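Protein chains: 4
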Amino acid sequence: MSGNTFGSLFSVTTFGESHGAALGCVIDGCPAGTPIDKEIIARDLARRRPGGNAPAGCVAPASTTRRESDEPEILSGVFEGKTLGTPIAIIIRNHDHHSGDYDALRDVYRPGHADWTWETKFGIRDYRGGGRSSGRETVGRVAAGAVAKSFLSQYGVVIQAWSSSIAGIAAPAPGDPSFSLAQAENNALRMPVSSGSFEEVLAKIERIRLEGDSAGGVVACVVRGVPPGLGEPVFDKLDARLAQSMLSVGAAKGVEFGAGFASADGQGSLLNDIPVPYQSNLTEISPPPPALPRGVPPVSFKTNNAGGILGGISNGMPLEFRVAFKPVPSISKKQATVDRTGSIRELIVKGRHDVCIVPRAVPVVEAMTALVLADMFLLQWKNREGN
Amino acid sequence: MSGNTFGSLFSVTTFGESHGAALGCVIDGCPAGTPIDKEIIARDLARRRPGGNAPAGCVAPASTTRRESDEPEILSGVFEGKTLGTPIAIIIRNHDHHSGDYDALRDVYRPGHADWTWETKFGIRDYRGGGRSSGRETVGRVAAGAVAKSFLSQYGVVIQAWSSSIAGIAAPAPGDPSFSLAQAENNALRMPVSSGSFEEVLAKIERIRLEGDSAGGVVACVVRGVPPGLGEPVFDKLDARLAQSMLSVGAAKGVEFGAGFASADGQGSLLNDIPVPYQSNLTEISPPPPALPRGVPPVSFKTNNAGGILGGISNGMPLEFRVAFKPVPSISKKQATVDRTGSIRELIVKGRHDVCIVPRAVPVVEAMTALVLADMFLLQWKNREGN
Amino acid sequence: MSGNTFGSLFSVTTFGESHGAALGCVIDGCPAGTPIDKEIIARDLARRRPGGNAPAGCVAPASTTRRESDEPEILSGVFEGKTLGTPIAIIIRNHDHHSGDYDALRDVYRPGHADWTWETKFGIRDYRGGGRSSGRETVGRVAAGAVAKSFLSQYGVVIQAWSSSIAGIAAPAPGDPSFSLAQAENNALRMPVSSGSFEEVLAKIERIRLEGDSAGGVVACVVRGVPPGLGEPVFDKLDARLAQSMLSVGAAKGVEFGAGFASADGQGSLLNDIPVPYQSNLTEISPPPPALPRGVPPVSFKTNNAGGILGGISNGMPLEFRVAFKPVPSISKKQATVDRTGSIRELIVKGRHDVCIVPRAVPVVEAMTALVLADMFLLQWKNREGN
Amino acid sequence: MSGNTFGSLFSVTTFGESHGAALGCVIDGCPAGTPIDKEIIARDLARRRPGGNAPAGCVAPASTTRRESDEPEILSGVFEGKTLGTPIAIIIRNHDHHSGDYDALRDVYRPGHADWTWETKFGIRDYRGGGRSSGRETVGRVAAGAVAKSFLSQYGVVIQAWSSSIAGIAAPAPGDPSFSLAQAENNALRMPVSSGSFEEVLAKIERIRLEGDSAGGVVACVVRGVPPGLGEPVFDKLDARLAQSMLSVGAAKGVEFGAGFASADGQGSLLNDIPVPYQSNLTEISPPPPALPRGVPPVSFKTNNAGGILGGISNGMPLEFRVAFKPVPSISKKQATVDRTGSIRELIVKGRHDVCIVPRAVPVVEAMTALVLADMFLLQWKNREGN
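Residue numbers (this note's numbering), protein chains in the order written: chain A, 1 to 387; chain B, 1 to 387; chain C, 1 to 387; chain D, 1 to 387.
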C-alpha cells in the first residue's frame, strides 16, 4: 500500500537507495519447492549492468562505464536449493560510491528528474544519485524477476524482450526476414539484428553522446507459453497489471498491447482475431494444449492483434507489448533549472551517465513481466481446488 | 485482490452483469463530510449512455439506440447530503433486458470478445450480452467516479477527457487554433471542435456502419489543479496507477503520458521540462500555489513533455495522457469463429451495437482518472500529520 | 484498506447504516460454479433476527421485539443457481424505521456506545440508531457468511456456534453428558441444553430486564472438517485472522483458542497434543483423510488443547474457540453522560433493546468463521498447481 | 497477502529462518523525517534475547543460555539519522548455528510444534530449529516495532507490557499497591514487582525446569497517549487488528481487552464507562487534549472497562489488553509422537530451550502493538486534509 510492494499473491517488496548500504527485495508467496539457482539471479543482474553485454573488446556506447559487481546474497526462504514457501530476501550491496559527485546537486533540481517532485512529496531528499528515484532501484526488481522466471519456467513460460527502437531508429519487427531474436542478447544494444541498422544506431548514439545529449527508445516484449485464463477482471486484468508494472519503471512514458495505438485507426473486421481449433505449432515453444475447464474447447487464433489478451484475460497466444522510454534526463549539455532557494540556476550534470538506457531496460521489462505473470498464475490457481 | 476492487484508501468495488438485476459499486474510504449530489452521479451516467449527448434531433451515429434510464440509487454512506465516512453503495438497475437476443450466442465464441477467455478462466459464462465482460460493466465505475470527482472538486481538481481521434481521423490537438475543449461536450462524438473534421468523421462512421463494421479511436485526458506530490513510488507511481486504470477499461490497447511514444524518438535536451519559479498562470484554472513542505520552493515548468508526472509523482503541471481503444468487436459482417464443440462456425452478431464506443469511453476515462487521483490524495495525506 | 473489506481472496465488502435505505455486501472471489441458494442466505438472516428462534408461543426474552423481514436480494454474480466468479452483491432493505426514537440521542453520547469515538474519528455521526456502528451492521456479514458456508459445505466443512455462557451462567461444555449441540438451535438462547440451566438463565435474563439492565456472555464455536494446512504464517495465521474477525464484531471483548487462557497456567507435558496415526473417527463428521503433499503422513491428535491450530496452521482437528461479549450498552437505567456541548447529562436510553445479544451473535460468529475459512481455502490453493 | 506482511500504510514484511543466513524486516510507509536511532532498535532486540534482562550475576532461569549478538544493520531508508519515506530494510544475521542439534528432528514431528502442519501446508520443511516457525522469527518484528515506537514517540504514545502471570502465579494488577511497572524491566521475569511473588515464581519455574517441563503465562500491555479516533470500522477496528497481531505471535492462545472475558459475566450498568468532561490527569503521561474535529467536545471516562476502545475506535483512555501464552512445547520429558513414515516414535527434545518464554514475549507484544498503532495513525491521517 505504500508503493514498494508489487503483486498480491506472488509479491515483491523492494528497497534500497542508489548510494545506500544495499538494495534488495523480499519475495513473498513463491510456492514452496521452486528450484532457485543463485547464478540465474546473478545472470539477470549482470544483464542489467552497464556495459554488461558488450561484445568482447567493445564498450557498449549506450552504457555508463560505472561497474558494480552486483553479487546477490540470498538471506532466507531457500533451503537445499528449493524455496520453503517463506519470504525470499535477496540483497545486493553497493560498492562503487562516489557520493562526492553529487554534492553539487545537493541544492539544485535536475531537469527531467524526480528531484523536486520527490522533495515535494516527502519533504526530504537523498541527493546522492537520486537515492531511490535512481535507475539503480531496478536492481531489486531484476533479482525478484529472476525468481519469478524460475517459477514460470516450470510451466513453459518464456519471456524475451529486446530494443525495438533506439534513438528513433526502428529495429526490424517480428516477421521481418532480418528479425532475429536470437541476436538480441548478443549485441550491445539488444537489437534483434545481426548487422545493418545496428551500426547506424551505434553511430547515432555516439553522435548524441558527443553532443552531450541523450536518447530514448522502445522495448518490445514477447511471452510464449502463457496458458489461457490468466488475468483478474475487471481491475486487475492482465494488460492492466502489465501496464502498471511497465509505467512503474523510471523513464517509461507509454505502453501498448498487440496492435496497440494503431488499432485505434483500424476496423473491427480486420482487427478481430479469428478463433480456430487449437494448433500447437502457432507458437515457437509449442506448449501442450493447456488443461481447460470441462466443456471448453482448445482454441488458437489466426492473428494476434490482441497481443494475447482478450477481455483482460490471456488467450493462449503470445503476449506482445511495447514500452516507450524517454531519453535519459541526465545530460552534460548546459541546462537552466531552479535551486532550493527558488532561484534560476545553470546546470551541467557531471558524472558518467548512460546515453540511452533502453538496452539496460530490457531485463527490467522482462523482470516486471515475470512478476506480473507469476502473480497471475497463483491468482488463477485460487479459482480451482488444488489438492 | 480478486480483481473487482480498485484503489487502496479511496477504493471502489464494482459489481453487476450486463443483463443481471443491477450493477453498482461500493466506495470505501471517501472522507466523511464530502458533499454528494445524486444528480451529479446521474449526469455522468447519462454521459455514458448511448445517444446521450446527441444534439437535439440528432441520434449520435456512434452510439447504439438501446436506452437505459440508469437511475442511481444511493443505499448507504450518505446522510443529509454528506458522506459519513462509511461505504457508499450505489446501484443502477437493469431494465432493458432482451436476453433472447443472446440465445444465439450461447454456444459460440464471438471474435474479439472475452467469451472464450472468460469461460477458460471461470469454467462458466454468462452469455447474456457478455455478462460482466460487457461494456455495461463501466456503469459502476462511472457512478464511483462521480463520487471521486465530487471529492476532488473540493481541491480544485478538474478532469476533462475528449475524443482526440476517431476512426483514424485526428481532432485538433491542444494548442491548435481550432481546438475547443468547451465544444467537446456539445457534440455527439465528444470531439473538441465546432465544425470541420466533425462532419468528415460522422460520414466515415456512417460508412463503416453501413459496411457492418466498427471503428476505434483515442481518448485524450487533461487534469488541471493536481497538486505536486501525488503518486507512490516505486510501484504505485501516479502514471503506473493511471496506466492500470486505463488498461482495465474494455477495448483499451495502449496508454501514453505527455510526449508518450514520441518521446522515445527525441533527445533529452529537447524533452526535459525546464523548471522555473512558480507561475500561477501556466494552467487555465490557476490554483493557488500548493502548500509545500518547508524549504521546498514553488516551481513551474516551461514545457509539459512529462505530462505532469516526474519520477511517478505529480509536478503540479496538468496531467496529460491518451488512451487507445480498438474498434468494437461486435460487427454485423459475417465472421468465422469456433463454437463450444470446437467446430468452426460462421457468425453474424445481431442486435444493436455501437459502431464506435470512443465518445462513450470519455466519461469512463474521466471516472477512472478521478478514482486514481482521489486515492492518491489520501495516500499523500497519510504522509503528514493531519490533526 | 478502509476497513469495510475483509478477506484477501474470498473477500467481502459490507455497507449500510442501521436506518439507511439498505444494508448489504459484495462478495468477491467466490469460485465460479458454487451453488447458491437464496433460501440459505435468508435462513441465516432469520437466525440473526430478534426473536427469530423462539420456540412456538414463546418470545425470546433475550431479544428485542423489533421485527425486520430481512429479505435478501441477490443483484449480481449468480446465474442459473451458480456463481459466475464475478462479485456477488446482496442487499437487505431496511423497513422498520423509527428514526424519531433517536432524535433524543442527536446531541448526546450514549455510554458504552461508539457515538463519541465515531464522531471523533469522522467528524460526523449518523445518530439514527448508531448508523453503521449499530449491531444491525452484521446483516451484511451474515449474508456473506451464508455464501461462504455454501462454498465450504462442498468440502465437508461444518461450522456450529452456540451460547456457552449467558449472564454468568455457563452451559455444559462439550464432553459433559448434558451437552447437546443439537439442542442449541432449538431454544431461544442457543444454549446446548434441553433443560436445567436453561430456565435458570431465562429467569436471570428476565430479572436483569426488569432492572433495566443488560447481560453479556460467551459464544463458543466448533468447526469440523477443516483440512490441515490452512493459515498463512506469520501474520495471517488461522488463529490470527479468526481473532481479527471475532474482535471486529461489536461488543466482543476477547477470544481464546483451544485451552485458551487456561493454557497459560498449565505445563507443556500436559498441554502438548500428542500426534498419532490418522483416525477418521476422531471427529463427528469424519471427512476422508485429506490429500496431503507427497511424503507427509496422515496424522490425528490424542487431545485438542490447541483448538485445531498449530503454528497458525490447521491440523485437521476441529477448530475450537470462544468469544466473550460484553453486556449490551443500551440500558433503560438512568446513566450520566456528556452531550455535544461537553456538559454532563442524565440519560435513559429509550426504545426496544436486547437484554443480551449473545444468542443473536451466534450466527454472526459462524458467518465470520466461514469468511475466514473460505479465504484460507483459496489462499492454500494458490500454493499448488491447480490445473 | 502471502502472510508475511503486516499493516496497510505503515507496513512491515519480515523474513528469515531460525538457522538461515539472516532474519530481518522491510518497513514501508514510515513517514519521511522520522528520527531513527540504531541503538533503540538494538536495545529492543536485546530485550528479546534470552537472559538479556537478568540482574547482574544472575542467569534468568526462564531463558535459554543460547546467546546471539543480534546486531541490526540498517540497509536502506535512513539518511543522516532520518527516514527518507522509502522502505527501511533491517537485517540481523544468525551466528550461533548448531544445526547439528536438529538432525535428530529431521524425520520426526515434535508435539505442540508446527512441524507437521507446516509440512502439510508447504510440502517442505526447514527442520533446523523449526525454520521460520521458530520463535526466532520474532526478531524481525521487534526490529520493526522499534521503528514504529520511534514514530509513535513523536506523538506521546508510550507502550509498556509486562508479565502479568507466569506458571499460574499472577503478578499484582494495576491499582494493587505492590504493582510497580517501573520494576518490570528490572527483573528477569518482567513481573511488575520488586519482591514477594517473584521468588515464588522463580522457584516454581526452577522446579518445572528440573522436571523437564515448561510453563506458560500472560502478558499484559498498557498504552498511554493514544489519541481518540484510531481504528477503522468495521473489520479493521483497533481491537480487531490488535487481536490479529497478538494471535500471530507463536504460542499465543487468547487475547482480551479491558474487562475482557470477565465482562461477559457482568451487567451493562456496571460495565459502561461513563463519559465525563476531559480530565488531563486521568492518564499518567497526560498528553494535551487532542485536536478534535470541530464541534466534538473533549471527553474522558470514569472507568476503563472498555480498555480504551469503543466501537473499535480508541477513546483516549489507555489501551489495556492481555495475551495468554501456552507453555513452551519443547520439553525434555519423553513424549510419544509420529515420524515421517507415519509410525509412532518416542521423543526427547534435546538442546537448550526456554522453560517459559513469557518474559521474552513482552517486547514482542510491545512491537506488535506499536506496528498496529503506527498503521492506525496513518490510516486516520488519510481522513483529513494534511497539507
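If you are wondering where the hints come from, they were derived from the structure by calculation, not from laboratory data. Please note that the accuracy of each hint is not assured.
As the list makes no split between identical chains, a pair holds if one copy fits it or if it spans any two.
In silico lysine-lysine, DSS-like type, Cα no more than 27 Å apart, as pairs [said to hold, decoys possible]: (1) K333 <-> K302; (2) K333 <-> K38; (3) K38 <-> K204; (4) K333 <-> K204; (5) K350 <-> K333; (6) K82 <-> K38; (7) K334 <-> K204; (8) K302 <-> K350; (9) K333 <-> K82; (10) K302 <-> K38; (11) K302 <-> K334.
Predicted, not measured: the structure shown is a model, and the values here were computed from it.
Going down the list of hints, with the structure as the test:
1. K333 <-> K302: Classified as between: cross-chain Cα gap 17 Å, same-chain 50 Å, threshold 27 Å.
2. K333 <-> K38: neither (41 Å within a copy, 42 Å between copies)
3. K38 <-> K204: Close neither inside one copy (37 Å) nor across copies (50 Å); limit 27 Å.
4. K333 <-> K204: Within one copy only: 17 Å inside a chain, 48 Å across chains, cut-off 27 Å.
5. K350 <-> K333: For K350 and K333, the Cα distance is within 27 Å only inside one copy (10 Å; across copies 61 Å).
6. K82 <-> K38: So K82 and K38 pass the 27 Å test inside one copy only (11 Å; across, 34 Å).
7. K334 <-> K204: within (21 Å within a copy, 49 Å between copies)
8. K302 <-> K350: between (52 Å within a copy, 23 Å between copies)
9. K333 <-> K82: Intra 50 Å, inter 34 Å, cutoff 27 Å: neither.
10. K302 <-> K38: Result: close neither inside a copy nor across copies, 40 Å intra and 43 Å inter.
11. K302 <-> K334: between (52 Å within a copy, 16 Å between copies)
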